[in-house]
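K.L.:
Chains L and V, in that order, are what the protein sequence lines are.
Read in order, the letters of the first sequence are residues 1 to 245 in this note's numbering.
Read in order, the letters of the second sequence are residues 1 to 468 in this note's numbering.
None of these hints come from the bench; they were simulated from the model.
Virtual Cβ for every residue (Gly too), placed ideally from N, Cα, C.
Just to be clear, a hint being listed does not mean it is correct.
[Stated by the list, open to error] Looking from chain L toward chain V, a few residues come up when the C-beta cut is under 8 angstroms (computed):
(1) GLU32
(2) VAL33
(3) VAL35
(4) LEU58
(5) PHE178
[To be verified] With a cut-off of at most 30 angstroms between alpha-carbon atoms, the simulated DSSO-like pairs for lysine-lysine come out as follows:
(6) V:LYS59 - L:LYS102
(7) L:LYS156 - L:LYS229
(8) L:LYS181 - V:LYS446
(9) L:LYS67 - L:LYS102
(10) V:LYS20 - L:LYS53
(11) V:LYS11 - L:LYS229
(12) L:LYS192 - V:LYS59
(13) V:LYS11 - V:LYS160
(14) V:LYS160 - V:LYS20
[Said to hold, decoys possible] Label-pair restraints from in silico Cβ distances:
(15) V:HIS145 - L:VAL97: 44 to 50 angstroms
(16) V:VAL3 - L:ASN117: 15 to 21 angstroms
(17) L:ARG2 - V:PRO375: 45 to 51 angstroms
(18) V:GLY221 - L:PRO88: 48 to 54 angstroms
(19) L:PRO88 - V:LYS31: 49 to 55 angstroms
(20) V:HIS7 - L:HIS127: 27 to 33 angstroms
(21) V:ASP18 - L:LEU162: 34 to 40 angstroms
(22) V:ASP18 - L:ILE96: 39 to 45 angstroms
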Amino acid sequence: MRVGLFVTCLVDLMRPSIGFAALRLLKNVGCEVVVPESQTCCGQPGYNSGDRKSAKSLALKLLREFKDCDYVVLPSGSCAGMIKVHYPTLFANEPIVLESIKRLSGCTYELTDFLVNVLKIEKIPGHYSGTLTYHDSCSGLRELGVQAQPRALLAKMPGVTLTEMQNATTCCGFGGTFSVKFGDISTRMADKKCANITQTGAGAVVAGDLGCLLNIEGRLRRNGDLRTKVLHVAEVLAGMEDTWK
Amino acid sequence: MEVTAMHFKRKAAENLGDEKLQQALEKLQTKFVDGRAAAIAELPNFGEVRDAAAEIRDKVVRHLDRYLLHFEQEAAARGTVVHWAETGDEVNRIVADIARQHGLHKVVKSKSMVSEECGLNEALESQGLNVLETDLGEYILQLAHEPPSHIVAPVVHKSKEDISDLFSRHHASPRKTGIAELCREAREVLRPGFLSADLGISGANFIIAETGSVLIVTNEGNGRLATTLPRVHVAITGIEKVVPTLEDATTLLRLLPRSATGQSITNYVSVLTGTKEKGESDGPEHFHIILLDNGRSQLLGTELQPMLRCIRCGACMNHCPVYQNIGGHAYGWVYPGPMGSVLTPVFVGLENALDLPNASTFCGECAVVCPVKIPLPDLMRHLRHQQVQRHLRPWTERVALRLWSWVARHPAVYALFTRAAVRLLGWLGGEKKMLHHLPGASGWTKGRDMPAPSGRTFRELYQARRSP
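Based on the sequences and whatever the hints tell you, model everything.
P.N.:
Below you can see the structure in the form of structure tokens.
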């Protein structure tokens with residue numbers, strides 16, 4: 001099984017450990033993992049800002065880069081949603097390209113969804129001991145149905161206790177460029193998310209999208225919370241939660 | 001109603017700092033979000049009903065002309081006069097003409113968002129008519145001279161204390177504090193208004209093509225009084241509100257109150273058909289229906305057409321984390337929240353509501369709760385695309401996006417750019433690896449830190465690992 005790993009531009013820039021954690025999780029179960037070195041961005045920032053043209057050219061670039069893969073896996077629900085749900089919309093009126101785009105969309109998975117529903121993994125390589133709370137990132141949850149998968153994986157880790165926060169499925173306020181364009185509103189949304197996280201008393205908040213993690217951690221630290229860890233689910237599962245700093 | 005959507009950011013910031021408003025908005029969660037969830041849970045076949053509701057509305061929108069003409073024919077056959085209005089001003093003129101023709105002076109209104117689109121109250125008052133809002137929320141707003149901040153609960157932004165103050169000031173009566181007492185006081189003021197009115201104005205939740213009827217759902221009974229006591233009844237509604245049959249309306253009614261207020265059914269469901277016949281004791285002598293376009297037909301045949309399926313339940317705003325934090329007034333026109341972020345730019349011009357389609361994280365909850373499956377984030381994204389095509393976005397944003405897209409399409413440049421960027425940001429992050437200021441992203445750093453990158457990109461670390 002040839003699995004293409006698209007780490008996403010945000011992970012590439014801001015937190016490479018998530019990419020390596022995903023790599024370890026996939027290799028651990030014997031996947032042949034390819035990481036096309038020319039990979040950059042899936043085109044979501046342009047797409048959501050109304051620039052369809054640039055989104056389309058980046059979609060075609062990604063299509064070329066991963067054409068030999070049986071699966072494409074991303075440690076991000078939002079970028080996976082872009083490929084799975086929105087790429088076909090972008091090429092809806094171009095039947096020839098649409099066919100390959102649909103094949104790509106069909107074999108693209110968010111990481112935890114892939115681990116649970118395709119690889120059906122039983123053993124988790126990482127070890128973690130402590131209480132976690134899980135934040136459901138919007139696109140993964142609502143576009144791809146990622147909700148039970150990360151929780152099922154974390155439940156397989158003997159040292160992990162999962163404590164659900166209130167309104168776990170409510171947006172943290174990130175929203176890509178929204179977080180900068182509407183900073184006040186975004187911060188207030190992050191504030192409410194942080195309050196719900198703190199209320200659980202968990203030692204760490206875990207999510208499947210780095211955008212949310214940066215937003216949540218940024219607000220926690222600004223509020224003086226230096227204790228609560230903010231982790232990507234791949235880092236926890238791969239046992240790499242302390243390697244990135 | 002005055003359009004202030006251009007001041008979205010300023011108004012949103014004000015509202016975020018308004019403690020009283022923030023407290024009032026907490027009602028949304030318990031009353032509407034939890035209420036809807038419980039009401040939906042009691043429908044074992046919710047998914048099927050929702051599919052059917054969406055299909056009914058979609059069919060109507062696809063054949064809007066046919067159903068509207070059918071409605072007109074059936075309504076006329078029952079003595080109802082159907083008027084067609086292209087703009088809000090035209091609605092106001094038609095109502096004023098009706099009032100003049102029948103010599104009417106005292107108007108009682110039940111809640112109508114479409115009349116807010118037209119600015120009807122001001123127009124009628126300028127013609128010397130006396131207008132009394134009779135929906136409790138709208139009555140409160142009329143006293144306070146404020147626009148509604150929600151399409152179902154127009155006064156959701158006010159606290160009970162605000163209303164106590166307002167009533168004691170306007171009714172010249174001792175200040176009441178209990179909800180029941182306040183309601184009784186409003187009822188005592190409104191009753192004589194109903195009894196002396198000669199013109200009743202209402203909206204319509206649906207208009208039924210097969211019977212030419214107007215269907216109204218209310219909880220206070222004011223709708224029934226306003227439409228049956230006065231001599232003349234004028235119902236004003238948007239052209240998209242038509243449904244083919246009463247059967248279709250009942251399907252939609254299984255979802256409308258549940259989605260709106262978490263009720264399995266509203267206290268009143270009124271189906272108003274024709275005028276009072278000889279020997280009948282209730283109903284108006286004259287019944288007029290005004291069908292308003294006001295930009296709706298522009299949506300037909302475009303990517304925004306699904307918006308016309310909307311049944312105005314307000315679930316999208318109740319569940320929108322942006323609306324929940326800033327309230328409805330920030331959106332600057334009749335319709336707030338996600339549905340307003342689509343409708344306002346269409347009705348008042350894309351260039352007059354630039355922020356609205358962008359004021360969403362695309363969390364998608366609005367589309368999840370919409371009873372007629374309107375893909376609201378997709379529609380907002382489409383408006384963002386139109387803004388880009390019409391060069392309505394700020395040049396800084398255009399340049400930044402174009403630059404990023406160009407860099408991302410050239411992997412070698414991308415590698416150089418990202419390597420430089422992560423080194424710089426890593427260095428700026430210092431020992432604590434935290435950025436407190438970011439040039440060009442003060443929107444972020446005003447309220448949050450930015451965790452700094454480690455100083456190497458994934459791509460370079462990966463390459464280094466592969467080539468020992």
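K.L.:
Using the Cβ atoms, figure out if HIS145 (chain V) sits within 44 to 50 angstroms of VAL97 (chain L).
P.N.:
56 angstroms, violated
K.L.:
Would the hint linking LYS11 (chain V) and LYS160 (chain V) be met if the CA-CA limit is 30 angstroms?
P.N.:
Distance ~23 angstroms between LYS11 (chain V) and LYS160 (chain V) Cα, so the pair holds.
K.L.:
For HIS7 (chain V) and HIS127 (chain L), compare the CB-CB distance with the range 27 to 33 angstroms and indicate the outcome.
P.N.:
This hint is violated: roughly 53 angstroms between Cβ atoms.
K.L.:
Would the hint linking LYS20 (chain V) and LYS53 (chain L) be met if the CA-CA limit is 30 angstroms?
P.N.:
Violated, at about 45 angstroms.
K.L.:
Per the hint of 15 to 21 angstroms, is the separation of the Cβ atoms of VAL3 (chain V) and ASN117 (chain L) within bounds?
P.N.:
48 angstroms, violated
K.L.:
Between LYS11 (chain V) and LYS229 (chain L), is the straight-line Cα distance small enough, at 30 angstroms or below?
P.N.:
Distance ~35 angstroms between LYS11 (chain V) and LYS229 (chain L) Cα, so the pair is violated.
K.L.:
Evaluate the given range 49 to 55 angstroms for the C-beta pair formed by PRO88 (chain L) and LYS31 (chain V).
P.N.:
39 angstroms, violated
K.L.:
Is LYS192 (chain L) close enough to LYS59 (chain V), meaning Cα to Cα at most 30 angstroms?
P.N.:
41 angstroms, violated
K.L.:
Is the hinted range of 34 to 40 angstroms satisfied by the C-beta distance from ASP18 (chain V) to LEU162 (chain L)?
P.N.:
37 angstroms, holds
K.L.:
Please verify whether LYS59 (chain V) and LYS102 (chain L) have alpha carbons no more than 30 angstroms apart.
P.N.:
With a Cα-Cα distance of about 28 angstroms, the restraint between LYS59 (chain V) and LYS102 (chain L) holds, given a limit of 30 angstroms.
K.L.:
For the pair supplied as a hint, LYS67 (chain L) and LYS102 (chain L), confirm whether the alpha-carbon distance does not exceed 30 angstroms.
P.N.:
Holds, because 12 angstroms separates the two Cα atoms, which is no more than 30 angstroms.
K.L.:
Within 48 to 54 angstroms: is that where the Cβ-Cβ distance between GLY221 (chain V) and PRO88 (chain L) falls?
P.N.:
50 angstroms, holds
Hint compliance for this structure: hints 1, 2, 10, 11, 12, 15, 16, 17, 19, 20, 22 are not met, and every other hint is.
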